[in-house]
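*Asks:* Below, each chain spelled out in residue letters.
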Amino acid sequence: MRTRKSARAGQYLALLAYLVFLAFPFLWLISTAFKPPRELGSLHPTWIPKDPTLANFRQAFDEQPLLDAALNSLIAAVGAAVIAVLIATPMAYVMARHRTRLARAATGWVVVSQAFPFVLVIIPLFLVLKNLRLINSVPGLIMVYVVWALPFALWMLVGYVRAVPTELEEAAAVDGAGRLRTLVSITAPLLAPGIVATALFAFISAWNEFFFALVLLKTPEKQTLPVVLTHFIGAEGVADLGPLAAAAFLATLPSLVVFAVIQKRITGGMLAGAVKS
Amino acid sequence: MRTKRLVAMGVALLLMGSAACTGGDGGAEDGRITLRFQSLAWQEESVDVNKELVKEWNATHSDVKVEYVQGSWDSVHDQLLTSFEGGEAPDIIHDASDDLADFAYGGYLADLRDLLPERLKSDIPQRSWETVTFGDGVYGVPFLQEPRVLIANAKWLRESGVRIPTPEKPWTWGEFREITDELGDEEGKYGVAWPLKEPVSATLNLSLATGGQLFHRGADGKVRIRFGAGDEVVPRTIHDQVNTDGSASSSTLGSGGSDTLPGFFGGKYAMVPLGFSYRQQIVQQAPKGFEWQVLPAPAGADGLTQGVSPQTLSVAEDSPHKKEAAAFIGFLLQPSNMVRLALGDWMLPTGTGALRDPALRVEEDGWAIGAGLARYLRSAPAQSVRGYPEWKDKVATPAFQEYYSGAIGLGELRERLVRDGNLVLARYQR
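So the protein sequences, as listed, match chains B and U. Under the UniProt record's numbering, residues 1 to 277 are what the first sequence spells out, in order. Under the UniProt record's numbering, residues 1 to 430 are what the second sequence spells out, in order.
Same shape as in the complex, but just chain B (with noise of 0.2 Å):
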């Protein structure tokens, strides 16, 4: 009995160092954000800014266009996150479904494509977006994202279609349900968590994409999140580091509140129906 209490104990010691090692960075970055500079240069910092001031957030929005490099961030994301989802999901149903060689052959390649570098693809890339008139776009930036984006939610809705049980799809067609009405009335309401998680991902990983963005968008006006708060840092990795936190804390609200926001859905889904009552 005390070997079980003192293992729980240990298991619940291992998830709190587990949070306080996630948490830390962000804690961190709020507290820097509201420190004044010479608390940045303490040699004991501490982790309640003893003098807060909102100083940094105003230099923030002074210096960079930070309301407009967030708004383009955002159609970037929701963009490129709609649209992935729109054309992976009817792409993963058929490769769940059929499973042909042609489509084990189309999930291989999907994973090998994941391990292509950056710098491989941006040259090409940028080329055939400057035919298609599409630098220093944010359309131009969404197609790549979405391509960049395609696989892995590929990958991921594959997954999540498998785990729908074909009989449900059966007994609707014994209903006498067309393919269709099966597709939108008993697969997709399924299938809901694992688009909304899909989404989740590519919305994230555009939303924090650099090198892209840093590549194809020239101008100021244009450029995305990211790509501005690189602009608090100086040669050889000086950084004013004061606004840079402060810009970098808000760059990171927006996905915690579409985390907020989801995530209930999520894990609802994805636990729904899971123990037989």
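Please note: incorrect hints may appear among the correct ones.
[What the hints assert, rightly or not] 27 Å max Cα-Cα, derived DSSO-like pairs, lysine-lysine:
{"no.": "1", "chain 1": "B", "residue 1": "Lys130", "chain 2": "U", "residue 2": "Lys323"}
{"no.": "2", "chain 1": "B", "residue 1": "Lys130", "chain 2": "B", "residue 2": "Lys222"}
{"no.": "3", "chain 1": "U", "residue 1": "Lys65", "chain 2": "B", "residue 2": "Lys130"}
{"no.": "4", "chain 1": "U", "residue 1": "Lys323", "chain 2": "U", "residue 2": "Lys65"}
{"no.": "5", "chain 1": "U", "residue 1": "Lys155", "chain 2": "U", "residue 2": "Lys121"}
{"no.": "6", "chain 1": "U", "residue 1": "Lys322", "chain 2": "U", "residue 2": "Lys51"}
{"no.": "7", "chain 1": "U", "residue 1": "Lys55", "chain 2": "U", "residue 2": "Lys268"}
{"no.": "8", "chain 1": "U", "residue 1": "Lys121", "chain 2": "U", "residue 2": "Lys51"}
{"no.": "9", "chain 1": "U", "residue 1": "Lys65", "chain 2": "B", "residue 2": "Lys222"}
{"no.": "10", "chain 1": "U", "residue 1": "Lys322", "chain 2": "B", "residue 2": "Lys130"}
{"no.": "11", "chain 1": "B", "residue 1": "Lys50", "chain 2": "U", "residue 2": "Lys288"}
{"no.": "12", "chain 1": "U", "residue 1": "Lys189", "chain 2": "U", "residue 2": "Lys268"}
{"no.": "13", "chain 1": "B", "residue 1": "Lys222", "chain 2": "U", "residue 2": "Lys55"}
{"no.": "14", "chain 1": "U", "residue 1": "Lys155", "chain 2": "U", "residue 2": "Lys268"}
{"no.": "15", "chain 1": "U", "residue 1": "Lys222", "chain 2": "B", "residue 2": "Lys222"}
{"no.": "16", "chain 1": "B", "residue 1": "Lys50", "chain 2": "U", "residue 2": "Lys121"}
{"no.": "17", "chain 1": "U", "residue 1": "Lys169", "chain 2": "U", "residue 2": "Lys155"}
{"no.": "18", "chain 1": "U", "residue 1": "Lys65", "chain 2": "U", "residue 2": "Lys322"}
{"no.": "19", "chain 1": "U", "residue 1": "Lys55", "chain 2": "U", "residue 2": "Lys121"}
{"no.": "20", "chain 1": "U", "residue 1": "Lys65", "chain 2": "U", "residue 2": "Lys55"}
{"no.": "21", "chain 1": "U", "residue 1": "Lys222", "chain 2": "U", "residue 2": "Lys394"}
{"no.": "22", "chain 1": "U", "residue 1": "Lys51", "chain 2": "U", "residue 2": "Lys222"}
{"no.": "23", "chain 1": "U", "residue 1": "Lys288", "chain 2": "U", "residue 2": "Lys121"}
{"no.": "24", "chain 1": "U", "residue 1": "Lys121", "chain 2": "U", "residue 2": "Lys65"}
Bear in mind the hints are in silico, worked out from the structure with no lab data behind them. All values derive from a computational prediction rather than experimental measurement.
Starting from the structure of chain B, add chain U where the hints point.
*Replies:* Only chain U this time, still in chain B's reference frame:
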């Protein structure tokens, strides 16, 4: 079906081709030219000065408009490379001289020799032009530079009674070692903290003063590495301060310059060797009442000579308006404008006219000491050596880090820098 597909492909190709042929060239139907100037300025004052200067140019040049484009030091090389390859590079490019070699040899940058105004050519000393000369061409205008200096706790130094060095009478490296030993104590206080996260450029640039060269170009034009007596002085001093005297903190060896500032403000270190522009952070972050001063780096047999990689302005080879771009650079680097840019970036101008400006000769914040060092600044020894980045990352950085931490001795350091280094360079010089 097949015919339809072929027609669709043909139409797509035609569309792509026509789009490619009608790419913009910065010209307009009304004959006005628009130049894109990508600046890497990042500090508030510096960005403001750059934007003001662009505005001033646009107000007086109705036929050539300049558009300010904000770039960033982070990933500038990759971003420029992609832009060059895609034919979309900005007309005027801000970068650092040690980043230009690949672009210059790759044919991406315009040779500026016949484009720049005479006034600008003669205003910047030859030693600075050498930092942007690759082969026969000049591929950038060096305009801002920063020496490495010692930022010292003024009160600590004053109370210790040590001699305060000046550009006219600097410390020798031997004297520097003795002084740091004297300043440190047994209670966790150190005479110096070396932020050596990037140990190679710091060591090489400072070693010029002691006659260190490391890279030697032979009669056949090929570069080989030799580690002579002049190359030993700086690394040995740092190693001994950390490992023999205990006068330098070992914990800062893996740190960047900014990371050492809290310890400096907290009274743990008497001195920190930093780039000249770090003074801005010190002004912003130092606790009230903290007294600090700028000292020249120690001198060697070659005096205060030091290697630098200045910030530069270049023109893209693909720019259809090179002459206008060079004219804008000429305007931006007029002596009075160069002073404004230098003050905004807390750096030194390369121009001799700008260097004479009283604003850069004030005692406050160490400007006068820095300006006194400008004539000793030379081209960083390795910046035009092809293969240097690989040598630095794969061979020299780990070797110096291990040597400074005491893991290997001087013999092993020498062998790795020379033997492994020459193997790397040979691949680039076949």
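*Asks:* Look at each hint and say if it fits the structure.
*Replies:* Right, here's what the structure says about each hint:
This hinted pair checks out: Lys130 of chain B and Lys323 of chain U have alpha carbons roughly 26 Å apart, not beyond 27 Å. A hinted pair counts as satisfied when its Cα atoms are at most 27 Å apart, and Lys130 of chain B with Lys222 of chain B qualifies at roughly 16 Å. Between Lys65 of chain U and Lys130 of chain B, the direct Cα distance comes to roughly 23 Å. Compliance with the 27 Å bound is thereby established for this hinted pair. Distance hint between Lys323 of chain U and Lys65 of chain U is fulfilled; the C-alpha atoms sit about 13 Å from each other, no more than 27 Å.
For the hint linking Lys155 of chain U to Lys121 of chain U, the alpha-carbon distance of about 43 Å lies beyond 27 Å, and the restraint is violated. Restraint check for Lys322 of chain U and Lys51 of chain U: satisfied, since their Cα atoms lie roughly 21 Å apart, inside the 27 Å limit. Straight-line distance between C-alpha atoms of Lys55 of chain U and Lys268 of chain U comes to about 46 Å, which puts the hinted pair past the 27 Å bound. For the suggested pair Lys121 of chain U and Lys51 of chain U, the alpha carbons sit about 24 Å apart, so the restraint of at most 27 Å is met.
Note on Lys65 of chain U and Lys222 of chain B: the hinted pairing holds, with a Cα-Cα distance of about 20 Å set against a maximum of 27 Å. Our distance criterion of 27 Å between C-alpha atoms is met by Lys322 of chain U and Lys130 of chain B, whose separation comes to about 22 Å. With a C-alpha separation of about 15 Å, the suggested pair Lys50 of chain B and Lys288 of chain U falls inside the 27 Å cut-off, and the hint holds. Taken as a hint, the Lys189 of chain U and Lys268 of chain U pair is honoured in the structure, with Cα atoms around 5 Å apart against an allowance of 27 Å.
The straight-line distance between the Cα atoms of Lys222 of chain B and Lys55 of chain U is roughly 21 Å, inside the 27 Å bound, and the hint therefore holds. Under the criterion of a C-alpha separation no larger than 27 Å, the hint pairing Lys155 of chain U with Lys268 of chain U is consistent with the structure, at around 13 Å. In summary, the hint linking Lys222 of chain U to Lys222 of chain B is not supported, as the alpha carbons are separated by about 45 Å, beyond the 27 Å threshold. Only pairs whose Cα atoms come within 27 Å are accepted, and Lys50 of chain B paired with Lys121 of chain U is rejected, the gap being roughly 52 Å.
With a C-alpha separation of about 20 Å, the suggested pair Lys169 of chain U and Lys155 of chain U falls inside the 27 Å cut-off, and the hint holds. Of the pairs offered as hints, the one joining Lys65 of chain U and Lys322 of chain U holds, with about 14 Å between alpha carbons and a cut-off of 27 Å not exceeded. This hinted pair checks out: Lys55 of chain U and Lys121 of chain U have alpha carbons roughly 24 Å apart, not beyond 27 Å. Between Lys65 of chain U and Lys55 of chain U the CA atoms are separated by roughly 9 Å; this keeps the pair inside 27 Å, and the hint holds.
A distance of roughly 20 Å separates the Cα atoms of Lys222 of chain U and Lys394 of chain U; the hinted pair therefore holds under the 27 Å criterion. Restraint check for Lys51 of chain U and Lys222 of chain U: not satisfied, since their Cα atoms lie roughly 43 Å apart, outside the 27 Å limit. For the hint linking Lys288 of chain U to Lys121 of chain U, the alpha-carbon distance of about 44 Å lies beyond 27 Å, and the restraint is violated. Pair hint Lys121 of chain U plus Lys65 of chain U holds up; C-alpha atoms about 24 Å apart against a cutoff of 27 Å.
Violated hints, in rising order: 5, 7, 15, 16, 22, 23; the structure is consistent with all others.
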